[in-house]
Amino acid sequence: MRAYLIRRMLLFVPVLVLVYTFVFVLIRIVPGDIVNLMMEGGSGRGTSAATAAELRHELGIDKSIQQQYAIQLQHLLRGDLGRSFRNGRPVTAEIGRRLPITLELAALAIVIALGSALVIGSLAALRHDTGIDRTISVLSIVALSVPAFWTGTLIVVLPARFWGYSPPFTFSSLIEDPTQNLQQMLPAALTLGAIFAGVLTRYVRSSLLEVLRQDYIRTAWAKGLRERIVLTHHGLRNAFIPVITVVGLQVSGLLGGAVITERVFNLPGMGTLTITAINQRDYPQLEANVLVLAFIVLVVNLFVDIAYGWLDPRIRVG
Amino acid sequence: MAITAAPLDKSLASREVGRPARIMRLRRMAQQKPLGAIAATLLMLVTVLALAAPHVTPSRYDHQDLTATLEGPTRGHMLGTDELGRDSFSRIVYGARVSLGVGLAAVVLGLAIGITTGLICGYAGGVTDLAAQRVMDAMLAMPLLLTAMVIVTVLGASVRSVIIALGVTVVPGVNRVVRGSVLGVKASLYVDAARALGAPSFRIVLRHVLPNILAPIIVAASVTMGFAIITEASLSFLGMGVPPPFPTWGGMLGSSGISGFAQQPWLAIFPGVAISAVVLAFNLLGDTLRDLLDPRLRS
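Chains as they are written, first to last, in our numbering: chain A, 1 to 318; chain B, 319 to 617.
Please keep in mind that the hints were generated in silico from the structure rather than gathered at the bench. No experiment lies behind these values; they were computed from the predicted model shown. All clues given are correct.
Examples of chain A residues toward chain B, derived with CB under 7 angstroms: (1) V30; (2) P147; (3) T153; (4) A160; (5) R161; (6) V290; (7) V297; (8) L298.
Here chain B is said to cover these stretches of chain A; the calculated rule only asks that three of the stretch's residues, wherever they fall, bring their Cβ under 8 angstroms from a Cβ of chain B: (9) 22–29; (10) 259–273.
Here a beta-carbon is modelled for each residue, glycine too, at the ideal position from N, C-alpha and C.
Start from the sequences, fold in the hints, and give me the full structure.
Structure follows, in structure tokens:
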């Protein structure tokens, strides 16, 4: 198990290096850097060419891309992700503040999606080829076809219009003010979770249908076990295995969806931070954000593979 | 060579299908797969509307009528007007040009790159495949929306950069589908036979492998089209898509902001319905095609 883990973690390295390099090079080809943007802003500060050159030198973006890359890699190896161009603070500090918000949103969305998918998907499988099954199938495709920013906008706009209620627009953390946090977080998580509920329901349904055809299910029925036991212990537990893989595959999409959901609900998470970093050409912040997001995707997929072996002893890794 | 004829056109090959027979077949298909038929009809309708936009809309997409701002659906403005008095129906119909056009171009680009690399990875294998798959891993590890945002920022906001950005983001998905299918087909006897006859790899891939993996590619194309349209809309919503004044469905939901929607909710409803309906149609079409083309799933 340990050898397997180490081998898998080693495979992270080339992927993360590629992700980092990709963003590093691309964002530096963009015409206009942060110094241009600051001067456009016309804040009245010394906007001479000399000041600009000095600023670029200070930020280290006066060198060629290759030189910058070599320097950055050395810093990275020491575990230093750099400082934000915008406020000069370590990028990790900002990530430390923003990441929990995105993780809370993503976790709530997964719980909502998995919970509803298990119930609705099982119902569809048990009522296979009936009106209920067909309705659920169509509804789940509808759920994954509707853009999150639209449902999100409607959730914000419609209650405000008709009942004078809108979710709070200033963020407070879960520890500070749990009620206000959840008032803002739950609608966002519902918006995001609905899409993935659509995806997962389809997998739960087809996976459970497959399992219910197996011999051991017939045996369980023959033993006279109650429906609930057959369904949960023998059916769902086995049907869950392919579903958990899909959850892993969806994590990257979930984080992408979080970018847009955070924007709609004004949540100061990683998505909002990344959009700002792109717009302000805050290279270190953008690079660190993408690196962290990619790392999360890789770790979740590793967990999924481990869970896979744990749920299905036939494919234990070793 | 008879072997290359995929199972899907067996019925076509067996007898000559005349015009009436073809229509009968279409009708039977529509009865068996009503959802797929509805989806296909809807997509054709939207395409025709988009192409004929100047002839079916009451005004141009940028025509402002400041005497009639933020109206609900009325006789003159079927779907109401926005805060500048522009007709929502006209903007949605013109916006369909962006959604469908950009989506189609992006999917064609993504398919071209994805199929080529997928065929090479699957058939050649070895170091090439290993290296290419790490690149795909890296692209899949980043949220695709972020990748698209970065690419659009690099290339500058324009129709062309949105197409390139979306095209690139769909490559890894297509590559995986094609590569996996190639691996499945590669071990077939007919591929062995072709190789034994001394056919060059190039010919084997194009004449024997590709025709036999068309079914998953067609399904992927339809579903990818839905993904591309929803991602284009997301980019436009964030203000990183096709730049104004040309209307986009995503942009219509983003630009005017919450305040306009609070006064006139219809303004927020119709563009979203348009996106959802078209994406839903592509997904339903993908599902139907999967049922029809995949012999293993055929009941």
